[in-house]
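So the protein sequences, as listed, match chains A and B.
Note that this note's numbering has the first sequence beginning at -3, numbered continuously upward.
Note that this note's numbering has the second sequence beginning at -3, numbered continuously upward.
In short, the hints are calculated from the structure, not lab data.
Computed from a predicted structure; not experimentally measured.
Relax, there's no trap hidden among the hints.
Interface residues of chain A toward chain B, partial, derived using beta-carbon atoms under 10 Å:
id, residue
1, Tyr0
2, His188
3, Thr215
A virtual CB, placed ideally from N, CA and C, is assigned to each residue, including glycine.
Protein chains: 2
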Amino acid sequence: MHAYFLRPGDPNVPILYEVDRIRDGRSFTTRRVVAVQHGKAIFNLSASFHTDDHGLEHQMAMPDVPEPSTLPPLQQLFGWTDRPEAQWHHPFDVRHIEPGPRQLRRDRTGLKPIQRVWFRTDGHLPDDFLVHACVVAYASDLWLLDTAALPHPVNFDDPTFMAASLDHAMWFHRPFRADEWLLYDQESPIAHGGRALVSGRIFTEDGRLVVSVVQEGLTRLLTAPRGNQARAAQAATT
Amino acid sequence: MHAYFLRPGDPNVPILYEVDRIRDGRSFTTRRVVAVQHGKAIFNLSASFHTDDHGLEHQMAMPDVPEPSTLPPLQQLFGWTDRPEAQWHHPFDVRHIEPGPRQLRRDRTGLKPIQRVWFRTDGHLPDDFLVHACVVAYASDLWLLDTAALPHPVNFDDPTFMAASLDHAMWFHRPFRADEWLLYDQESPIAHGGRALVSGRIFTEDGRLVVSVVQEGLTRLLTAPRGNQARAAQAATT
Chain A
-3 MHAYFLRPGD PNVPILYEVD RIRDGRSFTT RRVVAVQHGK AIFNLSASFH
47 TDDHGLEHQM AMPDVPEPST LPPLQQLFGW TDRPEAQWHH PFDVRHIEPG
97 PRQLRRDRTG LKPIQRVWFR TDGHLPDDFL VHACVVAYAS DLWLLDTAAL
147 PHPVNFDDPT FMAASLDHAM WFHRPFRADE WLLYDQESPI AHGGRALVSG
197 RIFTEDGRLV VSVVQEGLTR LLTAPRGNQA RAAQAATT
Chain B
-3 MHAYFLRPGD PNVPILYEVD RIRDGRSFTT RRVVAVQHGK AIFNLSASFH
47 TDDHGLEHQM AMPDVPEPST LPPLQQLFGW TDRPEAQWHH PFDVRHIEPG
97 PRQLRRDRTG LKPIQRVWFR TDGHLPDDFL VHACVVAYAS DLWLLDTAAL
147 PHPVNFDDPT FMAASLDHAM WFHRPFRADE WLLYDQESPI AHGGRALVSG
197 RIFTEDGRLV VSVVQEGLTR LLTAPRGNQA RAAQAATT
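Model the full assembly from the supplied sequences, consistent with the hints where possible.
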């Protein structure tokens, strides 16, 4: 699945999805989708679907990390603060592995652009795999750009810092359940020229690699605070 | 840039490119392209273009590898064989780093799905960066699937092995020249269910990361040799 975020969405009006059934094959089927609001494309996506098949078999090892049950939940980490982040990821039980959430680290000296979290939905999901794939597609966007910001003295609400997801690509390798623990191993190899790349790998608790993710994000530093220019900057950005 | 290969191309007829100017922004512009032959889509692509910008700066280190001048050219490696591979990459000067080209390794026991090559064009290119970007887009597809096959006892001409590029994604981080040495560091994190994922990072000789690449490829093992069934299998595959 490959997608671009083109324009800001409007939560107050419906989204029209235009689907191009570009290819129906015997073992591969491909779709192109454009999401439209107010007559303009806000998002476009291409997706390829593959039947079960047989071939070469290998897999990289899962990183050696603490088990999720040994790590504090997000609510406990943020419990003593009034920051809104504690509620952001409410549908998920999230367990951060060192160095922990960016928002709780004032000193980022020496931090690498690497972030590992365990996550699962707070409740049980039906057995339909499509539900689990959609839930993980949603979750896969939550922490990626955070990873690129980890080594840097910026916050997402800084008036001179603009961040946004630009594209999003996912490869689903195997079935999995989103209501069982998944390890999301994220790393940003580069940030340059106002954009950062972040890649992620999602493993089941027993070490099977189930999804790979790559996202490029806007990580722009403004020479002047956004303030009154926020709208103009937003238009120039997205 | 995100693309899917949908159907086999026909080198005997022109390709019609249908371009959708989906978004013209101030700092980002996006295009969707479908390549058509015989009235059917053979390839589709989305590409996003970004003006020069300023933001967070970090980069992973280039792997520690031998300099290209210390490694034998491909022609020398294949010179004593009559295999056609020696001519395949003719427009490029290619220097393989250990373990060397897959075709020269009969015993692949213990090989990892990791491949590193230096490459540059055989001659000088004009200064237009678009030429250099296009040349590297072409070259970036040459060795990726080889990387996934490295640990396995298969060859691309085996009648029971079917391999093909399924998608191709590239992120251009910085300008570079394709007629100067570039290190292509490739790794396949997974092969499963008839598909393999391979990621690549392209560095200049002085260690700047300039391009990131991800490709998924078909790596299907057939239960019966292709032989007479080649056409049917091809239709089922692509």
